[in-house]
Amino acid sequence: AQKVTQAQTEISVVEKEDVTLDCVYETRDTTYYLFWYKQPPSGELVFLIRRNSFDEQNEISGRYSWNFQKSTSSFNFTITASQVVDSAVYFCALRQGAQKLVFGQGTRLTINP
Amino acid sequence: DTGVSQDPRHKITKRGQNVTFRCDPISEHNRLYWYRQTLGQGPEFLTYFQNEAQLEKSRLLSDRFSAERPKGSFSTLEIQRTEQGDSAMYLCASSLDLAGINNEQFFGPGTRLTVL
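Chains A and B are the protein sequences, given in the same order.
Mapping the first sequence onto my numbering, position 112 (from 1) lands on 122, and the numbers just tick up by one.
Mapping the second sequence onto my numbering, position 66 (from 1) lands on 69, and the numbers just tick up by one.
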């Protein structure tokens, strides 16, 4: 069965600090996709990144970076020099095949000024 | 705005009433998904369509729930005889999936249902 675990329920940091959100997944399939979504207070899920199981290269996009390690089944997300606008709930998700996403429980990130 | 839209954004109803939600996907997207999100949890898959065909339904989708996508464009999700446990955010997403290339799902703003 597929499962995504985000062990950090809530994280609170001061602006400009770096913060890492952890994601651990379980799947028996060799082909799968991993995602991160952001859910601001408005409620709409915003797509951040997709990574397939054959691409373990880390990715950086501005202040955001992602570390995918198949050996530990982890897909962690780091925000560098955090800003108040980064405050949101962040979800990690797994998709096997072409169908549904399986989401973790989310990490509520609060950036304090 | 060419994103996914949902209507209504909020719905308050009394237990036992029927409710219907609408989702308009991004126009060229052939796949449409419904998810349910309760407070403090991640979204949970309910069902999805490829064009007008409903290809998978979750066990969460009891017989009181029905979804349609009659012309392969917009979709409706109906809940009959609502129960307090149906209170949740109902999210719609769409994606463009062609010839084995699967793209990310884009989500709408959701419909928040409160059953009194």
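Think of the hints as simulated: they come from the structure by calculation, not from any bench.
Possibly wrong hints are sitting among the right ones.
[Said to hold, decoys possible] With a straight-line Cα cutoff of 30 angstroms, these simulated DSSO-like cross-link-like pairs (lysine-lysine) come out:
# : chain 1 : residue 1 : chain 2 : residue 2
1 : A       : K48       : B       : K14
2 : A       : K48       : B       : K60
3 : A       : K13       : A       : K80
4 : A       : K13       : A       : K48
5 : A       : K13       : B       : K60
[As the list claims (entries may be wrong)] Anything over 12 angstroms on all C-beta distances counts as not near chain B; from chain A, calculated:
#  : residue
6  : E54
7  : R60
8  : D65
9  : K80
10 : P123
[What the hints assert, rightly or not] Covered stretches of chain B, as calculated for chain A (at least 3 residues, CB under 8 angstroms):
#  : region
11 : 36 to 45
12 : 48 to 59
Just so it is clear, CB atoms sit at the ideal spot from N, CA and C, and this is done for glycine as well.
Check your understanding: Which numbered hints turn out to be false for this structure?
Key -> 6 and 7
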